[in-house]
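Visitor: Sequence:
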Amino acid sequence: MERLCFDRLAQLGAPLSGRFSSSGGGTHSLLWNRVRASLLGRALALPESAEASLGMALLAAWGHSGAQRPAGGEASGLLEIARRMSRVRTVVDPEPALAARLEEHYGRFRAQLGEMGWMPR
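Quick note, the sequence shown lines up with residues 9 to 129 if you use this note's numbering.
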């Protein structure tokens, strides 16, 4: 489903570039993240602290620093706070051989969704 969402965002013209970040309990499974990175076709950054509470702390710090937001806008201020408060533990790169095997299954999944009328083909 994650790949499907990113594909749709790309179809709608959303800018998707660079590596993706991840959080939550799934970040502790190297196998799961190898699959995700390979299917997404992007490197996946896994943080030192993957707890959801870190995201809340980032938002609280951003909200508290309202008077100090940079001229670049709110998004750039939040990104800067995230860079200062979080650290990448490891980066999982896509594996071409695994990606090729997964792509076949993903293609069938998309075709079935189209056949059921759940998404445009």
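None of these hints come from the bench; they were simulated from the model. Just so we're clear, the structure is a prediction, and the values are computed from it rather than from any experiment. Among these hints, one or two may not hold up.
Claimed, not checked - Here are the simulated distance ranges between beta carbons: (1) S25 with L121: 19 to 27 Å; (2) E111 with G71: 35 to 43 Å; (3) A107 with M64: 16 to 24 Å; (4) R109 with E88: 20 to 28 Å; (5) L106 with Q19: 33 to 41 Å; (6) L17 with R42: 32 to 40 Å.
Backbone N, C-alpha and C fix where the C-beta goes; we use that ideal spot for every residue, glycine too.
Visitor: Now look at each hint and say whether the structure bears it out.
Guide: Evaluated hints:
1. S25 with L121: 19 to 27 Å: 26 Å, holds
2. E111 with G71: 35 to 43 Å: For G71 against E111, whose Cβ atoms are near 41 Å apart, the range 35 to 43 Å holds.
3. A107 with M64: 16 to 24 Å: Cβ of A107 to Cβ of M64: about 34 Å, so the range 16 to 24 Å is violated.
4. R109 with E88: 20 to 28 Å: About 39 Å separates the Cβ atoms of R109 and E88, which means 20 to 28 Å is violated.
5. L106 with Q19: 33 to 41 Å: Since L106 and Q19 have Cβ atoms about 24 Å apart, the given range 33 to 41 Å is violated.
6. L17 with R42: 32 to 40 Å: 23 Å, violated
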